[in-house]
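Just so you know, the sequences run in chain order A and B. The letter at position 95 of the first sequence is residue 95 when you use the UniProt record's numbering, and the numbering goes up by one with no holes. The letter at position 295 of the second sequence is residue 295 when you use the UniProt record's numbering, and the numbering goes up by one with no holes.
No lab work stands behind these hints: they were computed from the structure. Remember, predicted model here, so these are calculated numbers, not experimental data. Possibly wrong hints are sitting among the right ones.
[What the hints assert, rightly or not] Here are the simulated SDA-like pairs of lysine to any residue, each with C-alpha atoms no more than 20 Å apart in a straight line:
| # | chain 1 | residue 1 | chain 2 | residue 2 |
| --- | --- | --- | --- | --- |
| 1 | A | K400 | A | V447 |
| 2 | A | K130 | B | I225 |
| 3 | A | K138 | A | D101 |
| 4 | A | K411 | B | S24 |
| 5 | A | K391 | B | I225 |
| 6 | B | K282 | A | Y390 |
| 7 | B | K282 | A | Q389 |
| 8 | B | K194 | A | E403 |
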Amino acid sequence: PGARIREGDCAVLKRGEVFKAVPVLRRRKIIFEKQWFYLDNAIGHIYGTTFEVTNGGNLQPKQDVEETTTETKEAGTDNRNIVDDGKSQKLTHDDIKALKDKGIKGQEIVQQLIENSTTFRDKTEFAQDKYIKKKKKKYEAVITIVKPSTRILSTMYYAREPGKINHLRYDTLAQMLTLGNIHAGNKVIVMETCAGLLLGAVMERMGGYGSIIQMYPGGGPVRAATSCFGFPKPYFDNLHEFPLSKVQSLLSGTFSTETLPSDPEDNALVEEESNGLTEEKQTSLQETEEEPTTEAPMEINQSEEQETMDINAEDVEFKENKEKENKENVREKQMKQWERRKKLTETAALLREKNADGLIVASKFHPTPLLLSLLEFVAPSRPFVVYCQYKEPLLECYTKLRERGGVINLKLSETWLRNYQVLPDRSHPKLTMSGGGGYLLSGITVVLDKGKSDSSGLEALKMEEPSPKRCKVQDLHC
Amino acid sequence: MSFIEYGDTIKDGDTAIVFLGHESMFPVKVQHGTVTQTKYGVIRHSTDLIGKKYGSKVTCSKGGWVFILHPTPELWTMNLPHRTQILYSTDISIITMMLELKPGSIVCTGSGSLSHALIRTVAPTGHLYTVEFHQQRAEKAREEFREHGVDHLVTVTNQDVCKNGFGVSNIADAVFLDIPSPWEAIGHAKSALKTEGGRICSFSPCIEQVQRTCLAMEEYGFTEIKTLEILLRVYNVRTISLQIPDLGKAAEDNSGTGFDSSNPSNQGSPGANLQQGTVQFKSGVPLREMVGHTGYLTFATKS
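Just chain A, same shape as in the assembly (with noise of 0.2 Å):
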């Protein structure tokens, strides 16, 4: 049984080739190829039902009309005395709009127009249905709503708004998920600037099992693509997320949980190492800790609104009020802010454990630096694959991670993509393609040989040359 459209999803419109993602609401205007409607009609419908939109903006399932298709056609050889002057069709715009509006349906116009065109029955077979997709794709309104997926949203995201995924096309980040072999049970870093598709697309492949360190620069990581999948709580249960600020002090041990980069009005609670609290932060902490489930959730504004609000300094009692939910704040948020570090000291041990199975990055920042770091988190005999928009940058990164040894099968790659018409007797490429995909460095990890300063040069130059002959092999147990 397929899934069914609820309210408050993350659905995904699509008209031809065309996607787009909305939240499924009721009475939410929304505008899509030169159309506006509701989606309420829509609350209940099995994902990949196509509609038509009616006069009222609302939507409605597409009944499935037999084409008209069984009249013997008649059609021309040849377009020689076709004369193309912008007159052979006869109804205006003011005509047609006034079809539109007396709410004849998109296919009735089509055929209007077809009646109405003096050249339509001297064009080849071939170039009456060229005419007919042409039209049908103006004014045949029918918009199908899919049930989201890496599929969907990486293609919606490549035509949409590339930026904001660095211009990582979606057959590249189909390459980047087997290359990094993701699946269900793996540990996975994952490091992304590209709003949160690639994580999404990690966390479909993985089904919930195993586990995400999502790494991400500045404040917090932005997951806007991965809420368009629609993955179910338990996913997130397992989703980590720790700063690459951090990143140095972690790698040389010094790491604390003082001020989190999410911290901007907080008076940080001083602490040494995070196994060794102070007493202070060992009595507050105690505090929160008995508190949290007899306090009443409050909606808690900033405690800077507190301050600015008028008290009635003759009404005690609602000055006492005040104070208390003064004190409720300043608890919440300290535990909130517990919450934080006691969640960010835990990733902090996962990656010390430095065992994960997998890296996978796609950001704008420079890999190279990204790629030495994180690397350390990540167990010998384990795949990493690094995205770049441009191939310089990959160049010197595979340069520095030769220089670094403990990598093998280093690969530095693009995909080229083309898509197809097929019909009888006219298949061809399409007429246009994307010029280029981004590019990836893939390779394997091994154990870091630390020792001998020689062995890296002799692993680089053993990596490095193409080797003609095949080793002989006896012993082939497989």
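Given the structure of chain A, go ahead and fit chain B onto it with the hints provided.
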């Protein structure tokens, strides 16, 4: 270890990948007491492999060394004994994404060419139904899946997919066809697929096959029919030195203008000369020859 789950150390009975260097690797079945010959010498399984961490460097008897890697479907694809025409990871990647495969998916295929990759993707809750025309190959496939610890995720049926279909109805999320006459199996594919939203993919080397398949898909009411092809371009990272041509001097005994390598102010500039008269730079050099065609991929949705 298994193809669907990572393990840390090499165990007796594992399938491991021996990596010798650039584009040179092969699979081995790890077994107590066995040895494996390589061009760098002998690898003794009991002492060199079992108990070692995957990713370790192993020194062979002649002194050269290799790396032992954990198997993955991608490495397996590059190295497996070729029984049938196989699909490479580039095509497999886009097929996986376009068919929307993920853990829990039910997939049907008409050949074994990408079984490992599919099983890896749908594990642990999905299932692969693969139909093999050739009885011997079907048996070998079943054996291989058992050996690799994935037989609970796959069912191999020995029949002609064009005549008898996949052996299941209305449950598949996706169907993959990699057979000579896919148009003959479209009807069967449709009945194997779930009622709404199932995806189909057909892989064919010839455009004529594609044309017939697209027509069949249309006839059977499939929508969103799309055909594409994908090719992999690999670049070798190389440091290149180009010579500067001798254009002579403007006049006798002049220190010269322009790109003069003997001019001290040119030293240490980007593209620094290692020897007189050359410029060095790093380049991503394409291969001399590349794969120009594997097959056309046609995707569609059952509506």
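List of violated hint numbers, smallest to largest: When the structure is compared with the hints, numbers 5, 8 turn out to be violated.
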